[in-house]
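Sequences are here, hints too, so could you generate the full structure?
There are 2 protein chains.
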Amino acid sequence: MSRSNSQYRLAARPVGLPKPTDWEYAEEPAAEPGEGELLIQTLYLSLDPAMRGWMNEGKSYIPPVGIGEVMRAGGVGRVVASRHPRFAVGDHVSGALGVQEYCLSDGRGLTKVDPALAPLPVYLGVLGMPGMTAYFGLLDIGRPQPGQTVVVSGAAGAVGSVVGQIAKLHGCRVIGIAGGERKCRLVVEEFGFDACIDYKSQDVRTALREAAPDGVDVYFDNVGGDILDAVLTRLARGARIVICGAISQYNATEPVKGPANYMSLLINRASMTGMVVFDYADRYGEAAAEMSGWLAAGKLRSLEDVVEGGVKAFPETLLRLFRGENTGKLVLKVADE
Amino acid sequence: MSRSNSQYRLAARPVGLPKPTDWEYAEEPAAEPGEGELLIQTLYLSLDPAMRGWMNEGKSYIPPVGIGEVMRAGGVGRVVASRHPRFAVGDHVSGALGVQEYCLSDGRGLTKVDPALAPLPVYLGVLGMPGMTAYFGLLDIGRPQPGQTVVVSGAAGAVGSVVGQIAKLHGCRVIGIAGGERKCRLVVEEFGFDACIDYKSQDVRTALREAAPDGVDVYFDNVGGDILDAVLTRLARGARIVICGAISQYNATEPVKGPANYMSLLINRASMTGMVVFDYADRYGEAAAEMSGWLAAGKLRSLEDVVEGGVKAFPETLLRLFRGENTGKLVLKVADE
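As they're listed, the protein sequences go chains A and B.
So in the numbering used here the end of the first sequence lands on 337, straight run, no missing numbers.
So in the numbering used here the end of the second sequence lands on 337, straight run, no missing numbers.
Think of the hints as simulated: they come from the structure by calculation, not from any bench.
Computed from a prediction, not measured in an experiment: that's the story for all the values here.
Just so it is clear, CB atoms sit at the ideal spot from N, CA and C, and this is done for glycine as well.
Take the hints with a grain of salt, since some may be wrong.
[What the hints assert, rightly or not] Below, in silico cross-link-like pairs of lysine-lysine (DSSO-like), each with a Cα-Cα straight-line distance of 30 Å or less:
#: 1; chain 1: B; residue 1: LYS257; chain 2: A; residue 2: LYS59
#: 2; chain 1: A; residue 1: LYS59; chain 2: B; residue 2: LYS200
#: 3; chain 1: B; residue 1: LYS59; chain 2: A; residue 2: LYS257
#: 4; chain 1: B; residue 1: LYS257; chain 2: B; residue 2: LYS19
#: 5; chain 1: A; residue 1: LYS257; chain 2: B; residue 2: LYS312
#: 6; chain 1: B; residue 1: LYS200; chain 2: A; residue 2: LYS257
#: 7; chain 1: A; residue 1: LYS200; chain 2: B; residue 2: LYS59
[To be verified] Quick partial rundown of chain A residues pointing at chain B, CB under 10 Å, derived from the structure:
#: 8; residue: VAL15
#: 9; residue: TYR25
#: 10; residue: ILE241
#: 11; residue: ALA246
#: 12; residue: ASN251
#: 13; residue: TYR262
#: 14; residue: MET263
#: 15; residue: LEU266
#: 16; residue: ILE267
#: 17; residue: ASP279
#: 18; residue: SER292
[To be verified] Sample of chain B residues lacking proximity to chain A, with all beta carbon distances greater than 10 Å (derived):
#: 19; residue: LYS112
#: 20; residue: GLN145
#: 21; residue: ASP229
Now the structure itself:
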């Protein structure tokens, strides 16, 4: 039995926004698992802002994707062949499957997931990397206290929407920042934030003065750029800024604009700390357990933006992310469950 | 007995580098202390980079000096008249005396100092605000561990020179950054740093690659600007950046340039934290005791750059600081001891 494996391989290092020609579409026969290996059919792929960084050359928190290599992507799939003692045909797993229909694996980095506990796309959202990022970034770095004010940018996105909900569960006042009226309404009505600032139609600095009159105790930053600079002007004493991402800068062709108001850190005895979710790998279980409980109790809302189209639709679907068109976790459906 | 009190009062909010006309020189009779007050004759005044910030309007960690008010300055003086139960004529005190020959005080914020334990200018240096800033900024925020690499900018200055020495006492490898060969030699030969980078003749980024091949664990930043950006490219995993000052930016007339490489905080799971020494006021005694011991044991070197000239010389002497002409703590001598 030979399976055809469609895939995207990195073809060029993009300048600015990625173009479809930065990847090469290829079809090859799927490999057969050897001893200790398994073959996974990709069902859903996670599309993340971080993918843009992985396409760049140079040192980062993870090695870049090499030219000619299958584009890195997290995903959820089903085991279709196995010579691995820990995985059986029919198991569902999540892991770094890559932008391809079939992934050959030695089992490292794979986690079994249970479609009876949560729909599979949720394992790429609240119960996946975005959820883990939100959970540990907010609680471990942001350390919000009940009654404090938490501000989250990218508030309608996969990470931001979870950050705000967890902050609410911890008794905080939560203000989102998102682009457009539709997203802002979602942030307040679906995710339960206390308020949401529309950076496309409002001056963030002025709006924050009204929404957070006592200052910002925790700022969870997914976007960088001017929004980070605006929030810096509104810090409360001892504020914690969590640097999770900087989507506004990922496709910049000009030099990154640093936060000009960083001396607010001194004035307010505040801190700005970077976080990478992989550092918390040995605690994912703890977070997943607590968040599964919240999901089951209806206290946490998971929203996935599932796009049909298969592997072939990967480039254009990823661009939706950088155009800010998704709400909630952007997922590409690759095959029927 | 009427004493004449020469002083400088703030006359204008400077744009860029302060000009002598930003202060007004005045002479008035020194006040006589009322009940619960004392009169202090200024002997030495502390000239600090922070003075530039105090001249600006707007919210900061301390209220600005008002137009028409005596320019704020720390100093050491001798009590010449007292109706205060805690202070007697002949006592020596340190506190915010202001740029004037005589200071009327109700005793708040004054600390008695002992000229038999250390020369009076040392109470404006290692045993004064710069020393306290170095001690708490490094140990409380930087948290250096033995064997780690500590980098200090403004290394020949009042704060930087003490930071590096304390880091050495804690078993760290210490690299200074200073301007000019003479200062760099001082930093290594007098203050015992392992190396010093001359930012005027060397590329800081390249020089750091050689001097700190394993990366920078703690960066104590007194200068901001391009040097902060260069150090950001060389952080070790989990690095701590202490934001103590940004002298390169204080006189800027263009918008402050934020640290463009701040995403290195994410890549390296690093933090950048602001500190203001006044927050540690209740622990000054602890620091002074430990540093006095180091001074007495010859383990800590205090270097003051004492300029003669009296109150009248204040504006031109302060400008030496922003031209980087001082080595060690810049002190203006106002009267003979």
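Here is how each hint holds up against the structure:
no.	hint	result
1	B:LYS257 to A:LYS59	holds (24 Å)
2	A:LYS59 to B:LYS200	holds (28 Å)
3	B:LYS59 to A:LYS257	holds (24 Å)
4	B:LYS257 to B:LYS19	holds (23 Å)
5	A:LYS257 to B:LYS312	violated (43 Å)
6	B:LYS200 to A:LYS257	holds (24 Å)
7	A:LYS200 to B:LYS59	holds (28 Å)
8	VAL15	violated (18 Å)
9	TYR25	violated (31 Å)
10	ILE241	holds (9 Å)
11	ALA246	holds (6 Å)
12	ASN251	violated (14 Å)
13	TYR262	holds (5 Å)
14	MET263	holds (6 Å)
15	LEU266	holds (3 Å)
16	ILE267	holds (5 Å)
17	ASP279	holds (6 Å)
18	SER292	violated (27 Å)
19	LYS112	holds (28 Å)
20	GLN145	holds (18 Å)
21	ASP229	violated (7 Å)
Of the hints listed earlier, those the structure fails to meet are numbers 5, 8, 9, 12, 18 and 21, in rising order.
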